[in-house]
Amino acid sequence: MTRPTVLAALIAAPALLAACGLVGVEAWRAVRPRSPLFAAPFAYSLADAIATGNIQHAYQYIRAGQDPNARIAVRHPDLTRNRWVRVTPLDWAAATGQADAVRMLLGFGARAEASTLCHAEARGHEEVARVLRAHVGEAAPAACGPRQMYALDR
Amino acid sequence: MQTTPSTAASPRERPHLWTAAVLFAAAPLVALLCLSLWRTPFPVSEAIAIFEDVARERALDFLIPDTAYYRPLFHLAISAIWHNAGSLAEALAWVKLLHVVPIALVVALLVGHVRPRTLAEAAIAAVAVAVLVGSPGFRDNLEIPLSYTIIGMPLALGVWILLTRERRRWHQPTILLLVLAAIGFKEQGLVLVPLVVAAWWMGAPGASGITAVALVATAGVYAVLRAVWGESWSMFEQAVGLGFGEMEPVEAVARYGSFPYGLYAYSGASTIANVLFAEPTRGTFSIVRALVDGHPQPWQLVHLASSVGLTAIVAWWGAGVLKQARSAGWSPHARLVVALAVVLLACGALSFNYSRDRLGGMAVPFYALAAFHALRAAVDRAAAAPRLPFAAAAVLLCGIAVGWHVRAVGTLERARLTSIRNHTEWLVALPQRRIEFAERPVYLGILDSMIDQGTRPGMSQPTRYPRWLSRWIGES
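Heads up: the sequence lines are chains A and B, in that order.
The opening position of the first sequence corresponds to residue 1 in the numbering used here, with each subsequent residue numbered one higher.
The opening position of the second sequence corresponds to residue 1 in the numbering used here, with each subsequent residue numbered one higher.
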């Protein structure tokens with residue numbers, strides 16, 4: 001093998017590897033679109049998607065027809081003391097501090113109430129509280145009570 | 001320096017075959033990039049405001065240069081699409097085509113122009129494509145629907161191809177039209193005016209004095225019009241990077257308002273350095289900062305090393321061909337070196353107000369062209385070197401090729417990431433937008449009509465490469 005051929009092969013190899021790699025990965029994407037190589041970990045419910053901040057999956061539940069104001073079953077070691085309780089998706093997003101989930105739910109039909117704002121404020125989720133305060137407007141309370149008043153399992 | 005035995009023409013060469021081979025090798029990357037952009041939702045920010053402008057304003061109003069950002073042809077094109085498409089979906093598809101077609105075109109023009117004739121040249125041409133696609137100036141111009149510079153790139157390459165070919169009757173009006181179109185899409189198209197003048201001065205076969213004079217006169221009229229209408233321009237239009245930080249315009253005026261020219265020069269130099277060294281970005285030395293702090297990301301090292309290595313080879317090759325030109329007259333390669341320098345300087349001058357990666361975009365095709373010829377010269381030189389220098393050169397050239405191909409894949413992943421970000425923006429930005437734009441019914445109407453395209457599943461998804469790999473690619 002001549003020197004120019006060696007050099008050409010060394011320079012061509014990355015191009016061929018990149019081209020073959022891209023084709024291989026895309027072929028795999030077509031065959032297994034839900035592979036961890038392409039898809040975020042699956043969220044088994046709207047509650048899971050909200051709690052993990054998986055906005056794309058949370059929205060897919062809403063788009064598929066789930067009512068953004070219908071209560072959902074949630075469980076959390078701290079927020080619900082490990083008991084199953086039913087809350088609105090917006091209250092759940094506020095309590096878990098997921099600001100983007102709050103924005104998404106508000107954008108697609110969820111109704112914000114003063115107590116939702118207090119769920120966020122009582123837990124120190126300032127960004128969520130700011131989003132909700134702008135949305136609730138004049139209905140926003142001047143101050144929320146202590147955190148215990150807004151326990152999800154009350 | 002220009003042609004040596006290993007890459008020189010011979011009867012056995014098959015330019016069609018090797019050109020096709022390079023296009024074939026580049027096809028997956030370019031096709032996936034175009035497909036990603038095609039499936040990318042339009043962003044809420046920028047896109048809706050542009051569509052609102054074209055929906056409200058008369059098309060001819062876009063010709064009046066009364067704003068800091070003057071892109072009349074872009075707005076006329078969007079306006080024509082917006083008002084003549086049969087449906088919203090059709091209009092959005094045409095706007096995307098306006099962005100996607102130039103990407104494929106600039107790659108095809110580059111490969112067609114370098115026209116590899118041997119395996120070595122084909123391998124180097126593939127690197128040149130990676131240089132084009134992996135450059136920050138290309139990557140930063142992929143934002144839909146802001147197609148100003150991505151349209152300018154094939155126009156710039158088209159102008160250069162015509163300037164370097166034997167003159168024909170239709171060449172001069174075509175050059176004139178291409179330059180005017182590039183200027184009409186964005187101010188950065190002005191870089192083609194000094195390019196044409198320099199080509200004429202260097203005796204490029206396709207350049208003509210009349211065209212050069214006509215373009216200088218056009219640029220003069222353009223500058224006068226902008227100056228007449230632009231009395232209220234801000235001293236700093238956007239945030240300005242300096243050293244390791246960035247200043248908002250208010251702070252920049254407070255600190256440098258009495259003598260802004262030093263900062264203007266810094267911003268211009270930053271844009272040039274970004275094309276050549278991938279650093280600084282937005283005028284900020286983020287990679288150097290990471291190195292100083294002792295925790296650089298692998299992708300930062302890839303960007304810096306591949307750019308510095310390639311620019312060093314281009315500089316070595318450029319110095320050689322210019323030295324030759326002094327005794328033997330202007331060669332095509334010497335003209336290309338000067339063209340690259342002229343376009344870089346012009347890009348720097350036009351980005352005096354603030355530096356952004358995208359502002360170096362018009363120089364990227366010329367950098368990729370120069371990279372092709374410089375690497376070809378380096379391969380020829382290395383092939384004739386003693387064993388140890390040959391081995392070192394082989395490692396260096398292979399490393400540069402690997403680095404640029406990784407960067408090109410990074411551009412694809414960045415486009416996919418942008419797709420997800422745009423989708424997420426549609427999911428989370430609606431409440432705030434409705435509050436902020438409550439007084440603008442046209443904006444809200446367009447926003448509501450575009451919700452479906454923004455929230456529809458099926459946008460491009462980034463590849464979730466293993467952590468170690470994504471740290472080298474940088475954008476997943």
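Since the hints were made in silico from the structure, they are not lab data.
Hints should not be assumed to be uniformly reliable.
FRET-style restraints, in silico, Cβ to Cβ [claimed, not checked]:
id, chain 1, residue 1, chain 2, residue 2, range
1, A, Arg-83, B, Leu-35, 45 to 51 Å
2, A, Arg-83, B, Ala-254, 52 to 58 Å
3, B, Val-308, A, Pro-36, 31 to 37 Å
4, B, Lys-323, A, Val-6, 35 to 41 Å
5, A, Val-6, B, Ala-254, 28 to 34 Å
6, B, Tyr-69, A, Ala-30, 48 to 54 Å
7, A, Leu-37, B, Ala-227, 52 to 58 Å
8, A, Arg-75, B, Gln-238, 44 to 50 Å
9, A, Ala-27, B, Arg-14, 37 to 43 Å
10, A, Leu-37, B, Gln-238, 45 to 51 Å
Quantities reported herein were computed from a predicted structural model and do not represent experimental measurements.
All residues carry an ideal CB built from backbone N, CA and C; glycine is no exception.
Structure-based check of all given hints:
Hint check: Arg-83 (chain A) to Leu-35 (chain B), Cβ distance near 48 Å, so the stated range 45 to 51 Å holds. Between Arg-83 (chain A) and Ala-254 (chain B) the CB atoms are about 57 Å apart, so this pair conforms to the stated range of 52 to 58 Å. Restraint check, Val-308 (chain B) to Pro-36 (chain A): a C-beta distance of roughly 36 Å satisfies the suggested window 31 to 37 Å. A C-beta distance of roughly 29 Å is found between Lys-323 (chain B) and Val-6 (chain A), which places it outside the suggested range of 35 to 41 Å.
Between Val-6 (chain A) and Ala-254 (chain B) the C-beta distance comes to about 59 Å, which lies outside the given range of 28 to 34 Å. Distance hint check: the CB atoms of Tyr-69 (chain B) and Ala-30 (chain A) are about 41 Å apart, inconsistent with the given range 48 to 54 Å. Range check, Leu-37 (chain A) to Ala-227 (chain B): about 54 Å between beta-carbon atoms, so the 52 to 58 Å window is met. Distance hint check for Arg-75 (chain A) and Gln-238 (chain B): the Cβ-Cβ separation is about 48 Å, which falls inside the suggested range of 44 to 50 Å.
For the pair Ala-27 (chain A) and Arg-14 (chain B), the beta carbons lie near 30 Å from each other, so the given range of 37 to 43 Å is not met. Distance hint check for Leu-37 (chain A) and Gln-238 (chain B): the Cβ-Cβ separation is about 38 Å, which falls outside the suggested range of 45 to 51 Å.
In the structure shown, a violation is registered for the earlier hints numbered 4, 5, 6, 9 and 10, in ascending order.
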